[in-house]
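Visitor: This is what each chain is made of:
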Amino acid sequence: MLKAGPLLTVTQLESGYNHLQILWDVSLKVLKGEMVALLGRNGAGKTTTLRTIAGLLKPKAGQIDFMDHRIDGLPAHEISRMRISFVPENLHLFPAMSVMENLLLGAYGIRDPGRTKGSLAFVCDTFPALARRRKQLAGSLSGGERRMLALGRGLMSQPELLLVDEPSLGLAPKMATTVFDTLSKLKLAGLTILLVEQNVHTTLQISDRSYVLEQGRIVMEGRSKELMKDDHVCKTYLGSGDD
Amino acid sequence: MSTGGSHRWVVLSPLSLFLLAVLSVLPLWVQDEYLLQLLISSLLLGSQAMAFDFTAGFINVINFGFSAFVGAGAYTSALLVLHWGISPWLGPLGGAVASAALGFFSGVLTLRLQGIYAAVMTWFVGLTLLSLTASLSGLTRGYRGLNVPLFLETAARRPYFYIIFGVTFLTFVSLRWTGSSRVGLAFRAIGQNLESARASGVNPTKYRVINFTLSCAFAGLLGGFYAHFLGILTPDVMHSRQTVEVLALAYIGGRGSLWGGLVAAFIFVPLFEYLKPLMELRLVIYGVLLILVMIWCPGGLAAIYTQLKQQVRWPFMQR
Amino acid sequence: MLGPTALWDLFVTGIFRGGMYALMAVGLSLVFGVMNIPHFAHGEFYMLGAYTAYFAFAVFHFPAFMAILSAASMGLLAGVLVEKLVFYPLRRRHPEEWVLNTFLVTVGLSFVMQNAALAVWGGQYRGITQYWQGAIQLGSGMHISLDRAISFIVAIFCIAVLWWFLDFTRTGKAIRAVAQDETGALLVGIDLDQIHTITFGLSSLMAAIAGASLLSLNPAYPSVGLAPLYKSWYVVVLVGLGNMAGAIPGGFLVGLLETFSYYAFGSGWQDVISLSILILILLLKPAGLFGNRGISLSKA
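Chains as they are written, first to last, in this note's numbering: chain A, 1 to 243; chain B, 1001 to 1319; chain C, 2001 to 2300.
Hint data in this document are derived by calculation from the structure and do not stem from the laboratory. There could be a bad hint or two in this list.
Pairs of lysine-lysine residues, derived as DSS-like cross-links and limited to a Cα-Cα distance of at most 25 Å, are as follows [what the hints assert, rightly or not]: (1) C:LYS2285 <-> B:LYS1206; (2) C:LYS2084 <-> A:LYS58; (3) A:LYS174 <-> A:LYS185.
Pulled a few chain C residues facing chain B out of the computed Cβ check, cut under 8 Å [claimed, not checked]: (4) PRO2038; (5) HIS2094; (6) GLN2137.
Glycine residues also receive a C-beta, built at the ideal position from the N, C-alpha and C atoms.
Given only the sequences and the hints, what does the whole structure look like? Please build it.
Guide: Structure below.
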C-alpha cells in the first residue's frame, strides 16, 4: 500500500434532505491511491454520503477536506472542478447529446484542448465500446453502455478522486464483471476511488478498506480482507449469498 | 386559518367580524363622496381578489383569465337588463349563472392540465372571451362601450357602498364557509398534491370543476354589480391587465387566506389615491410588490399576520 | 377563389411574418427549456428593443444596423440585470414550486416594465418611416418593403447564429446540458448561475432585436410587446413548451395560419378562431404538436 497523507477526510459529517437527517457523525478517510468501499443496507446513508461529498447536498454539520482544501458547503460545480468526479447511481447523462458530446462535457472544467484530447484517448482506450458509438445519442444506449458512458464522462476531467455509486446496478453479471475489472484497472493506474456497491462480496474483494454504515452511522471499518472474515459482516451482508 | 374537517357555522374570527362591523358603520361618519368612492373601489377589487384566491390559493391553479369571467358576468347582466328588461337587482344573478357555466366549461378544459399548462389554458380562454366580446359588436357595441342602467337614480355614493359591501360580505362568508368545510379540505388536498389526494380518495376531477364553477360564479356576480355601479362597459374589463391587478392583490395579501386580498385592497387602493405622485406608478408598484412578495415573503400579508399573532398574544384573540 | 398569384402573395406574407414569430418563440423556448421559466415578460424586452432602436435611430441618428445593435446590447444588459436581481435570489430562497412562482414573477415583471415605460416615455407612438428606402419586387408583382425583407433576414440570421452557438461553443453546449439534466451539468462542473444569466440575457437580446428590426412596421409604445408575446406563446404552446427546434417551423406555421385566416375572416374573428384552435390543441395534445418534452417539466 502507498504510504501517503489522506486525500479526502470527512469529519463528523451530518447531512440529509430538508428536515430529514440521514447521516450522524460520519467520519472517514481515503488515502491517495486507495479504493475504499462504503457498505450498508438500502437507506443506510451510503448515497447521501457521496452526494454530500460531491456538493449536491449541503452538510448540516461537520467538515470535509480534500487535498488541503475545505470543501464542505461549496457548490457542486466547484467541487467537480477541484477534480472530484461523482458518477451517480442514476447517471444523469445528457440524453439528447451524442456520446462524444457527453464525454467532452465531462472535460468542461478543463480549458486546455491538449489535455482534453489526452483524456479522450484514455477514455476511449478504457471503454472501446464507447469509441465505436461516439456519434450515437446517449439516450439510445443500452443500460450497460450508459453506465460506461457515465464512468467515462467522470474520468474525462482527470479526477484525483472518483466517487462511484452502485456501478453494477441493473447490469447483467457479465457486464458487472467488466465494470469491476475496469475499476480495478483504474485503481492500478493510480486513481483513488470511493465506491458504494450492493454486491458486497465483489466489493470486499477488489477494495483495500471498507466502512460499514448502519442507520446513518459508521459501525465498523477495516481492511476489506479482514472484514470478509468478520462475523457481523458475514451474517448481515454476506449471509445468504449476495451473488 | 382553520382546516378542521367539521363544518364550522361560525366561520369569521372575532377580529374579522370587528373589522367588518367597523367598515359597515364607517359611511355614517364619512360624508366625503370621494372617500366613499375609494371604499367602494377597494371592496370591488378586494372581493375579486378573494374569488381569485379561492382557485389559486386552494387548488393551486392560476386562473389567468379571471377578469374575462368577471367581464362575462358584467356583460350578461347588462344585456339581460337592456334587452329583456330585467331589474338591475336580478341581472347580476344572471351574470353569476353565465360565468358559472363558463367556469364549469373551463374547469373541464383544464382538468388534464397541471401547473403552468392550466394557467395558459385559462389565459387563452380569457383571451377568446375578450376577442369574442369585442367582435360581437352588434350585441356588445365592442370598444364603443355599452351603456348600462344603474341600480339607483341617485348619484350619491353611500347607497352604492352598502350594495357593494353586502356583496363583498356575501362573497367572503360563502367562500370562507366553503373553504373551511370538508369540500375546502378536499380543495387544499388536491392543491398540495394531486396524486396523494387521489390516493386518499379525493376525486380531483370533481373538486376542480366545483372550485372553478364556484369561483367564476362569484366573479360573474361581482362583474354584474360592477356593471350597474359603473354604468359603462368596454371589452377592456376582460383584459389580462385587470387579472394581473387582482392577482397581485391576492398574492400580496397572502395566497390561500382569502381575507388577505381584501385587506391588501384596503391598504393599496386608498394609499395610491392619496399619494398622487404615486398614482402614475401604481401598476409599477403593484408589479414590484408582487415580485418582492414572491421572492422574500411567499405567504404575503397573511403570513406576516400569523407570525405577529404568534409573537404578540392579544387578549381578544384567545379562545 | 384565390388565384395562384394571390395564394403565393399570401404565402410569402405569412412566411415573412413567421420569421419574426420564430425568433421570439425560440427565445421563449430557450428560457423555458433551460431555466423552467414560463416567461410572461418576453414581450417587454421586444418593447425595450423597439424604444432603444427608436432613440438610437431617430434621435441620435445612428445608422440603421447600429440602431439594431444598440437595441441588442440593451436587451442583453436588461436581461442579465433582471436575471441577477429577480430570478437569482428567487432560486436561492424558494426553489420549490418554481414554474408557477416564476410565472407570477414574470407577470409582475411585465407589469413593472410596461408601466415604467409608460411613466418615462408616455403613451404616444414613437415610430420611424423606414430604416432603408426601397422595396423588392417578387415574381408575382407584389412589393415587399426593404425593411420587412431585411427584418426577415435579421431574424433568420439570429436564429442561425444561436444554433451555431448552441451546437459548437463550449458555453452553448453547457446551456444544452443544463436543459437536459441539471444535476449532470453540475457534476461536470457547469456553473448553473452563470448559464442561467447567459440564457436569460440571450433570450432578451433576441426579443430586443425583433422589436428593433420591426420598428418601422410597429412603432414603439408601452404595450407594443403584448402582441409579440401572445404570438410567441401561441407558437410555443403549439409545438410544446421547451421544444426549441419545433419553435422555428412553429413560427412559420403560425405566420401562415394568421395570414390566411386574416384574409378569410377579418381581424376580430381571426383571433377568436386561432385561439380556439390553440385551446383545442392544448386539450388534445397538451405536450404540443411535436414532441412531449414540456410535460416532463411541468411538475410544478
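Visitor: Would you mind marking each hint as holding or not holding in the structure?
Guide: Against the structure, the hints:
| no. | hint | result |
| --- | --- | --- |
| 1 | C:LYS2285 <-> B:LYS1206 | holds (22 Å) |
| 2 | C:LYS2084 <-> A:LYS58 | holds (23 Å) |
| 3 | A:LYS174 <-> A:LYS185 | holds (17 Å) |
| 4 | PRO2038 | holds (5 Å) |
| 5 | HIS2094 | holds (6 Å) |
| 6 | GLN2137 | violated (35 Å) |
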